[in-house]
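Engineer: Spelled out, the chains give:
There are 2 protein chains.
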Amino acid sequence: MTSDELKRQAAWRAVGFVTDGMVLGLGHGSTSAFAVERIAERRRDGSLPGIVCIPCSKEVAQHAEGLGLPLTTLDAHPAIDLTIDGADEVDPAMDLIKGGGGALLREKIVADASEREIIIVDASKMSARLGTRFALPVEVVPFGWRVEAEALESLGAHVLRRGGDDPFLTDQRNYVLDCDFGPIESPAELATRLDARPGVVAHGLFVSLATDLVVASETGTQHFVRGSDLSEVIRR
Amino acid sequence: MTSDELKRQAAWRAVGFVTDGMVLGLGHGSTSAFAVERIAERRRDGSLPGIVCIPCSKEVAQHAEGLGLPLTTLDAHPAIDLTIDGADEVDPAMDLIKGGGGALLREKIVADASEREIIIVDASKMSARLGTRFALPVEVVPFGWRVEAEALESLGAHVLRRGGDDPFLTDQRNYVLDCDFGPIESPAELATRLDARPGVVAHGLFVSLATDLVVASETGTQHFVRGSDLSEVIRR
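For the record, the sequence lines run as chains L and D.
Here the numbering used here is used: the first residue of the first sequence is 1, the next is one more, and so on.
Here the numbering used here is used: the first residue of the second sequence is 1, the next is one more, and so on.
It should be emphasised that the hints constitute simulated quantities derived from the structure, not laboratory data.
All values reported here derive from a predicted model rather than from experimental measurement.
One should not assume that every hint holds.
For identical chains, the list gives no copy identity; a pair is met inside one copy or between any two copies.
Unchecked claim - With a straight-line Cα cutoff of 20 Å, these simulated SDA-like cross-link-like pairs (lysine to any residue) come out:
1. LYS58 / SER30
2. LYS58 / ARG173
3. LYS58 / GLN172
4. LYS58 / PRO167
5. LYS58 / LEU71
6. LYS58 / GLU37
7. LYS58 / PRO70
From just these sequences and the hints, can you work out the full model?
Structural biologist: Structure (C-alpha cells):
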C-alpha cells in the first residue's frame, strides 16, 4: 500500500466520528487533506448538512472552500467539537511533534479549543521518543529570530531556519526554526522552557492535547483513546 | 514637579550609564522617549559616536531616526549591552507590568537579550503587589483571541480587548487584552500559565528581567540594582 493509501484510510476512519451539527477543526497537511475531502464527500451525500468548519491555515481554508464546506471562525465558535489533524511524530503517551507543514500555531490553538482532537497518522510516525524521527518546529517572530536561535542552541538543539536565506513565512508572517534536539527526554519540561522564551510564538510539542489516535498500517487502521497502550503500534 | 519632569529626571539619570560603543535597546513609551532624546543630545555633544540602537517599536524607530541616532537590528547585534525602558508597575522584587504602550513583545525580547535592563519610572508606578494599579496587557493572535479571552477570564481576570470593536493592533498586527487580575499573588506562576496558552504571543509580566531601577520623585532620583530593598520608595 502506498503512503497516500494509508493516510486516506486513517482519515476515513476518523471522519467516521463526525456527526451532523458539529463544529469541526480542519488540520493542515497531506493526511488532514484526505479528511477534508472525505468530510466534503459525506456532506455531498447529504449526511452532514449542519456542520461548520474552522480551518487551521489559509491553505486548508482554500481547499475546504473549494469543496463547498461551510467555514466559520473561532471568533464565532470558540468551542470546537472535534478536530482531525495529522502529526509528524507520536510517542507512547500520545504526545506529538507537529508543525512540519508550518501551521503549528493555529493547529495548537484549535487543538486546545477542541473537545476531541483526533490525530491521524500512518504507522511510520509512531516513535518511542519524540525528536527521534523529526526536528521540532519552533515559530519565532522575525524581530528576535537570531536571539531565539541562539537560545535554542544553548538548550541543546541543532537549529536551521526553514527556507534558509529565503525564509519560509507562516500565516502570521513569522519564521520557523527546525530544531533537532535528538530524542527528547521530557516533552512537557522542554515545552515549558520554550513557552517561556519571549520570541517563541509557538512550538511543535503538543503535550496532552490529543484525545484520540488513528494509526493506519498494512494490516488496517486502529483507533486508540488517550491513555491506551500504544506499544503494539510503536514496535511494529 | 510635573509628571513629565519626573520622567525626564529618571531618564537623564539612566542615560548617565550609557558609554560609547554600546549596543543600546530603546524602550517604547513616554518615559523612554525622554531617554531617547537625552541619548541624542549626548551624541550631538560628540560623547557617544560609536553607539548603535535597537528600537522596541516602529514608533521609537521613527523617533530615534528623526533625532539622528544610528539604528541597527537584533539580527545584526543579538547581544545588547544596555536597555532603558519604562514600566507601568514595579513591585518590591523589581518585577514589572509593562505593555501599556502595546510594545510588550519586542520590549520583552529586547530585555531578555540585554546584559543590563534599566527601568525608569516616577514613584507613582511603585506598588506592593503587581496588578494593584494596572491591568496586565496580554498580546494574542487575532485568530484565537476569543478563546484566549475566555481562558484568561477563567484564570480570574476581567478582560477587555483594547480598542473594543475597533481593536488596537500591535506592531505584529495582534490584539491586546487588558486583563484586570487584581493584586497578583505570584507573578512567576501566572507568567508560566500565560506562557503555556497557545494563542498568547506575549504578556506584560516581566519577571527577573530588570537589572536596575531608577525612581524619580519630588525629592530626587534614586538608583537601585536588582536585589535592593525597595520598601522605601514603595511606601512613599
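Engineer: Taking 20 Å as the upper bound on the Cα-Cα distance, should LYS58 and LEU71 be classified as within, between, both, or neither?
Structural biologist: The answer is within: 12 Å in one copy meets 20 Å, while 35 Å across copies does not.
Engineer: Regarding LYS58 and GLN172, is the shortest C-alpha distance of 20 Å or less found within a copy, between copies, in both, or in neither?
Structural biologist: Both: 10 Å inside a chain and 18 Å across chains, each within 20 Å.
Engineer: Between LYS58 and GLU37, at a C-alpha cutoff of 20 Å, which is it: within one copy, between copies, both, or neither?
Structural biologist: Within one copy only: 16 Å inside, 43 Å across.
Engineer: Indicate which option fits the pair LYS58, PRO167 if close means a Cα-Cα distance not exceeding 20 Å: within, between, both or neither.
Structural biologist: Within one copy only: 18 Å inside, 22 Å across.
Engineer: Please sort LYS58 with SER30 into within, between, both or neither, judging by C-alpha distance up to 20 Å.
Structural biologist: within (14 Å within a copy, 38 Å between copies)
Engineer: Can you give me the call for LYS58 and ARG173, within, between, both or neither, at a CA distance of at most 20 Å?
Structural biologist: both (12 Å within a copy, 17 Å between copies)
Engineer: At most 20 Å between CA atoms: does that hold for LYS58 and PRO70 within a copy, between copies, both, or neither?
Structural biologist: within (15 Å within a copy, 38 Å between copies)
No hint from the list above goes unmet by this structure.
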